[in-house]
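Enquirer: Both chains are given apart, each in its own frame, so use the hints to dock them into the complex.
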Amino acid sequence: MIQIEGLSFRYPGAKHDVIRELSLRIRQGSLFGLLGPNGSGKTTLISILTGLLPLLSGKISIDGKTLPGQLQDIQAGSALVPQEYAFYPRLSIMENLLFFGGVLAIPAYELRGRLTAALAVAGLESFESVRAEHLSGGLKRRLNLAIGLLNRPQLLFLDEPTVGIDPQSRHFILEAVKRINARGTTVVYTTHYMEEAEMLCDEIGVLDDGRLLACGTQEQLLNNTHSRELMVTLTTAPTVQQSGILNTIPGLEIINRELRMAHCTEADLKHLMKLLAAERLDICRLKYGYRNLEELFLQMTGRQLRN
Amino acid sequence: MPLFALVTKEWKLLLRDWHALLLLFAMPAVFILVMSLALQNKFAEQQGVNIHYYLVNKDGSPASEALVKRLSAIKDFKILSSDASASELIDQVRDDRAQFMVRIPPGFGKAMQNTEPLPVQMLAGPGVEPAMYMLFEAALRAALVRVYLQYALAPLKTQVSDITSAGHTGLNLDATDKLLHAQSLYQVDGRSRRPSSVQQNVPAWLVFAMFFIAIPLSTTWVQERQQGTYARLRSMGLSAKDLLLGKLLPYLGINLLQVGLMLVVGILVVPWFGGQRLTLGHAPLALTLMALALSFASVAYALLIANLVSTGEQATIFTGVANLLMAAVGGIMVPRFLMPPVMQTLSQFSPMAWGLEGFLDVFLRQGGLEAVAPQALRLFGFGLACLALAGLRLAKQRGKA
Ligand SMILES: Nc1ncnc2c1ncn2[C@@H]1O[C@H](COP(=O)(O)OP(=O)(O)O)[C@@H](O)[C@H]1O
Ligand SMILES: [Mg+2]
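Residue numbers (my numbering), protein chains in the order written: chain W, 285 to 591; chain D, 36 to 436.
In short, the hints are calculated from the structure, not lab data. Hints may contain errors.
[Unchecked claim] Listed below are the simulated SDA-like cross-link pairs for lysine to any residue, each with C-alpha atoms no more than 25 Å apart in a straight line:
hint : chain 1 : residue 1 : chain 2 : residue 2
1    : D       : LYS431    : W       : GLY342
2    : D       : LYS431    : W       : ILE539
3    : W       : LYS571    : W       : ILE539
Just so you know, these numbers come straight off a predicted model, no measurement behind them.
So that you can see chain D by itself, here it is in the shape it has in the complex (with noise of 0.2 Å):
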């Protein structure tokens, strides 16, 4: 009865609260959709067209023809036209007006035949990340070795099979385009895909979302006790676990609303603004689970929070830099496989990093209740250890002050 009176209570209050409600309802949302979009490009999508560059050919031979026609079919980098001077291009260059500039210089062709040949300039922006440049080096640099050997080297073709043995067909320069076959193990339907930003996003920020719950459940519960209800409903002889219980059990409903409501933007919203749709991957027990742990352990640490600060600037401070160290640490901001050693180690220790992986194992790789139970269990770990902390400092204080 107490229990059912304090959980109705705290719907009622927070459905009365649009900070609240904006906070935890609106931020999360706007953010998995912003993330998502934003983010497109960096995991190369098929519409990555975002990558721009001047292309200026001084050069009129079959050799550098050959190489803007290469140039042209890759669709992830876009050519810009423009009549400007080599300098003015640069000048756009250096402004990150476009990522790149190329230029093939006067004689490009002919210099391929000598032992010296003439080098292709590639001028980056300031701008450019070091996965970008190397990305488009390595597509420029194979553009030009496919050139360098139709033009240099199939004149030696009929030395070359004549070394060969007989039978052989020859030197076939399309060959090199089957030397390799790349693949996703990212799977939709049964088929590979690479996954598209929203797969690789949305888990990473529903997680950094959901610890969030802790500012307003702190703040509130700061208020009663400033406010004296806490005084009064302790007079009323509430237990410690009733308090406790009270607001475990509403914040756990919103919690668990806030990730449907962020996998319901990943499938629904996202792609409405153009943007790749969610897939929820084929283990829903797997998910729900993950939510759970995910949500206790979140809602616990709320409740460590809300017992250990005196007020909510203190609540909502600590929370901000706790939250965002437990984040970068976790891998939220920065993927756990592109951090030192050494970062790597100490991210097992992030909750967020648990329920990253979890989500992870579901949205990306098809994985079960197995692949996901060890997450789930060490979440339900740090839960139980807040809400036990909690629970003593809760009874601490009211043996004493």
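Just chain W, same shape as in the assembly (with noise of 0.2 Å):
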């Protein structure tokens, strides 16, 4: 389990914390999703955990072993596929991975069992001896995730694995991430697509600019009854008299025939729906609560998550 608490985190100069008080906890075994639009500090969240950048204030702990006294320990059992192709492009596939093989000084006897295991993961079988720099860009993402498997990680941190690459890549991908957080391993994964989100993770934590908005199941997220989003369409638009009455409904916004509300409780909708029928005024449309992440991120923000 990783557990953070409390956590900011400044660039040398830099003039604003990229990390904000960030508080999170990530359970055992999960796939747990960091969403965030660029920019907003995923990367250099992990690079915290992994120990590249120093823990200046805050507190983690990753399954009971803390930062930055037990980093060893941590950095063994567990491994980070960085968001560039962080390999040789002039090394063939294998090679790649029989170097990664020797810096993590896997003895020998176990070293073709693990290479086996990461090319089958990552479908790479047939383009072992093929030079990295010469695979397409999916291939090159397989191959970035494929070394991040030598070592067989308890908790696997992935940096926006699919950026860049093609739909059926990106498949292969996301399925390979399933298979390995099936057997066990706990997967962060950083993404700013939230598509990429909805569909892996079991948890969610929506980042920006370096804080936390939300975390949760995608239920947990959506159905988060404080703060659910109501907009009605009505056939007519109501007279200055029914305005007068749908006001007394605090937070509602009248504009012609449109009725807004951006945190709506189920008790004002259902006030909400008395009123209209004892006025007489039909809905056209409705629509309660977010559909998807994009929404709720938007409405959050104010931002579109994709910039």
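Expert: And the structure:
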């Protein structure tokens, strides 16, 4: 389990924190999606968790081991797949795997098995001897992933592992990540594609500007009763008198035939329905809650997820 | 185990990067070859026949004939024959098509007996270096003095022998040639020889080329940082020590290969192109020690640069400028003994100067281990300092950003 408390981070020489008072729990075995737009601090957060950036303020423990004291133990049990193609373009797939296997000091009797397993999960068996620079974007992403599997991590950090690839390769990688997670590896998956987070992850943390806006399962996020949005279109615009009556509900905005409420509880909704029925105002269209994370994000930040 | 992987990886990458191979091996080899051949005459070797001059004799006297004969006998300067007019010849010299023109005026021989002799005219082209000017002038003067002795003073011979004591053979003009015995302290097989330009140039350009290892080394490191491989390696728990050693060892090997290659060029390729062969001196141990010390210094320096810069362009520009400065100050481009005192003092602080002095000890001065030890020690010290700074910088980066 990953436990983060009150984490803040600022790059040397920068004026603002890029991680702000962030607290988060990721349970063991979870496939956790860290969803946020570019520049929201996903890579920074992962870098701190993997010991690439120092822990400046706040507390982090991973499986009971704390940073920075037990960094080596933590590193031994985890793997990072950086968002860049973190391998050598002039080496072949096999040479890359052998090199990183060597750096990890995997004993010779285990090496072959690990290589085969990594190649199989990433579906790279038939490309072993191809130089990495000649691979397509999708295969490069798969090699990037395969290297991260060499040390059989308990905890796998995947930083935007599907950026810039074709739909088939993306599908392949998402399926591979599901399988890796199904075998018991905790996965922390950062992305700015909300469809991926929705499709793949059992829990999602929404990150914006270094702050965790919301965290939980998809249902929890979308069904958050305190922040559901209501939009109603009436067949006719209410009269001034009717508007006065409707305005008794705090937070309701009326623009011609449109009624809007940014934060609408179920009680508010029921009350509104009663008023509409009493005033004989007919509803032509109604939308309550969020269809997806994109809308949730838009609602919470006023910005699109994809900038 | 990680170290082994790092070293083999570096070798593989380099073997597949022909840009780097070109920079590391082809460039220095061509450099040595071209510099050795181009500078051959500057160091006045036997075949120094590239100084050409017009000799115009307007005087028919025995004295002028004797002067022409003397001048023709000098091998280092070659007389061009021409039927062109004097003004045309002067134009040729002005265009540096010939380096000098010497004109013996009519009545030269006759005027020699007078108190006021008629001077021979010497004109030098604008491209003639001061040193060459002085050499030619000295040679011409020597010939003139000899002719003057013969034709202006010889008639006085009888009177002189009257004055001198009995038994004296009198004025022996040929004795003037025997008044000087010139010899270089450079020796080959125990015999004095004039050092060839290869001998004097290979060490300088060897040292110069070796320090350029900083470019490929730091660009690969920068690439690793930018491509995320560095982050991945760190997340795998690779220590700073392994990272540094993983670069130091393979590049040390490359540096030593460079030395070997350039010596081979000096020994085999330069003579093949008509230059003189490089001789290695008699101290293989001293040579090895110098090569090791210089390799260590240049690779450690490269590691420091790699940890100071953040882009490949920075690495290239920084290395280029720093190396040129070190070379200029260190006597690679201009021999140290030609520099003004301030520069000579300054040059004691250039690692290239240490490398050069050490190699010259072996190549020119027949020095052994003792002779090169101080230079080697300095280079090792410099290397250790660079390595320590690189390590500190790396540790700081890891702790901070
Ligand atoms: N090395 C750095 N130095 C200074 N600022 C940085 C550095 N790396 C990232 N940042 C800044 O930190 C913020 C978060 O970046 P990052 O964690 O990479 O976001 P994400 O991965 O979500 O796109 C951005 O505003 C970015 O400009
Ligand atoms: Mg990122």
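Enquirer: Does each hint fit the structure? Answer for all of them.
Expert: Evaluation of the provided hints:
1. LYS431(D) / GLY342(W): OK: LYS431(D) and GLY342(W) at ~21 Å, within 25 Å.
2. LYS431(D) / ILE539(W): Roughly 59 Å separates the two Cα atoms, so the pair is violated.
3. LYS571(W) / ILE539(W): holds, 16 Å
Going through the hint list in order, the structure does not satisfy hint 2, though it satisfies all others.
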